[in-house]
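J.: Same order as they appear, the protein sequences are chains A and B.
Going by our numbering, the first sequence opens with residue 1, and the numbers climb by one from there.
Going by our numbering, the second sequence opens with residue 1, and the numbers climb by one from there.
A few of these clues could be false.
What the hints assert, rightly or not - When the alpha-carbon atoms are kept at most 20 Å apart in a straight line, the in silico DMTMM-like pairs for lysine to aspartate or glutamate are as follows:
{"no.": "1", "chain 1": "B", "residue 1": "Lys24", "chain 2": "A", "residue 2": "Glu210"}
{"no.": "2", "chain 1": "A", "residue 1": "Lys221", "chain 2": "A", "residue 2": "Glu234"}
{"no.": "3", "chain 1": "A", "residue 1": "Lys221", "chain 2": "A", "residue 2": "Asp150"}
{"no.": "4", "chain 1": "B", "residue 1": "Lys24", "chain 2": "A", "residue 2": "Glu218"}
{"no.": "5", "chain 1": "B", "residue 1": "Lys38", "chain 2": "B", "residue 2": "Asp14"}
{"no.": "6", "chain 1": "B", "residue 1": "Lys38", "chain 2": "A", "residue 2": "Glu233"}
{"no.": "7", "chain 1": "B", "residue 1": "Lys36", "chain 2": "A", "residue 2": "Asp212"}
{"no.": "8", "chain 1": "A", "residue 1": "Lys183", "chain 2": "A", "residue 2": "Glu246"}
{"no.": "9", "chain 1": "A", "residue 1": "Lys222", "chain 2": "A", "residue 2": "Glu177"}
{"no.": "10", "chain 1": "B", "residue 1": "Lys24", "chain 2": "A", "residue 2": "Glu234"}
These are calculated hints, taken from the structure and not from any lab test.
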Amino acid sequence: MAVQDLLRQRFFPHMWCPGCGHGTVLNSLLRAVLELGLSKNEIVMTSGIGCSARISGYVDFHSLHTLHGRALAFATGVKLSKPELTLLVPMGDGDALAIGGNHFIHAARRNIDITAIVMNNRIYGMTGGQFSPLSGIGVKATTAPYSTIDNNFDVVELATAAGATFVARSTTYHARECTELIKKAILHKGFSVVEILSQCPTHFGRKNREGDAGQMLENYKKITAKRGSKALEENPGLIGRGIFVEKEKPEYCQEYEKTIALAMKGAGR
Amino acid sequence: MAKKVLKQLIINRDWCKGCGICVKFCPRQVLELDGKDKSVCMRPEACICCMMCELRCPDLAIEIIIGQGGQEEDE
Ligand SMILES: Cc1ncc(C[n+]2csc(CCOP(=O)(O)OP(=O)(O)O)c2C)c(N)n1
Ligand code: SF4
Ligand code: SF4
Ligand code: SF4
């Protein structure tokens with residue numbers, strides 16, 4: 001089987017702009033599925049709204065294209081009713097952490113076995129380039145013509161504090177690393193978060209003079225370093241890549257099974 | 001282990017959007033954009049089959065097919 005066999009090819013070429021990082025996230029994710037040997041039939045992808053969220057239309061898995069910010073809520077429902085399925089939830093930074101921020105922290109807190117992928121382009125791509133909670137200070141956006149004054153969330157720190165039991169970060173420049181991290185995230189039993197820095201040359205790149213897609217990728221190489229590397233140790237200003245959290249904790253659906261068993265015995269009556 | 005050799009480099013011209021990512025990051029300058037802004041394989045003999053063009057392509061438009069070095073016959 002090839003990567004192309006996991007696509008709904010009738011919808012290609014896809015709608016993303018030339019050089020959009022979201023396509024590379026799709027590419028890396030499909031390779032993770034392929035290399036793990038998962039069958040299409042055991043995977044459910046839920047997504048919200050955004051350029052990023054269009055990803056669920058392109059994969060030949062079970063898919064739900066839902067409401068802005070609500071991908072994790074739908075995924076939680078699917079997972080609780082059919083815990084044997086693998087839930088993949090790619091989200092934009094706005095989708096995951098602005099409108100969907102509450103669902104994000106509570107899914108992490110429950111440690112439900114879902115793989116969340118934050119496709120972080122630091123902007124609202126679909127609606128024309130408004131700033132997001134991940135833009136950070138000093139970013140130009142249609143809603144910040146004089147540049148932003150808002151602090152950004154750090155996805156890794158937020159997910160960790162909220163209780164996610166697998167947390168990792170990479171970029172679309174590091175495509176092979178993305179595939180490895182997504183594989184580990186899928187295999188992990190519990191709530192997994194993989195943040196992938198993903199370029200939006202059309203809005204973020206243009207407004208912030210970051211150049212074309214190639215130059216934005218070059219920048220990801222420059223501003224990040226692997227966890228545990230000398231480069232990161234010597235330059236704490238760099239953004240770390242790799243696995244930040246990987247720990248065991250009771251998983252929500254398994255705990256819920258126990259509650260069901262108790263209820264069936266008549267306990268609690 | 002036999003050296004990897006390129007058997008075929010397939011570019012899906014209907015899907016390629018000419019972003020130039022594959023061209024920019026190929027370590028051996030194998031690829032170029034043509035007049036229609038589509039990626040084309042200009043120097044297949046230089047390809048080291050690192051796969052990075054295929055893995056990074058946002059449009060899933062590249063496929064690298066690898067053969068075995070030192071063998072003439074097709075697999
Ligand atoms: C309830 C609701 N509010 C607002 C919108 C408008 N809207 C559509 S996409 C989007 C943000 C997209 O940004 P992001 O999630 O970061 O994804 P990207 O497009 O950058 O991939 C917004 C605000 C909506 N569709 N629904
Ligand atoms: S607007 Fe930005 S995020 Fe949306 S498809 Fe274009 S490059 Fe990608
Ligand atoms: S990376 Fe893909 S879409 Fe971009 S130019 Fe190369 S083949 Fe075309
Ligand atoms: S496989 Fe590597 S060397 Fe060959 S064309 Fe692609 S990027 Fe260049």
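J.: Among the hints numbered above, which are violated by the structure, and what are their numbers in rising order?
T.: 3, 6, 10
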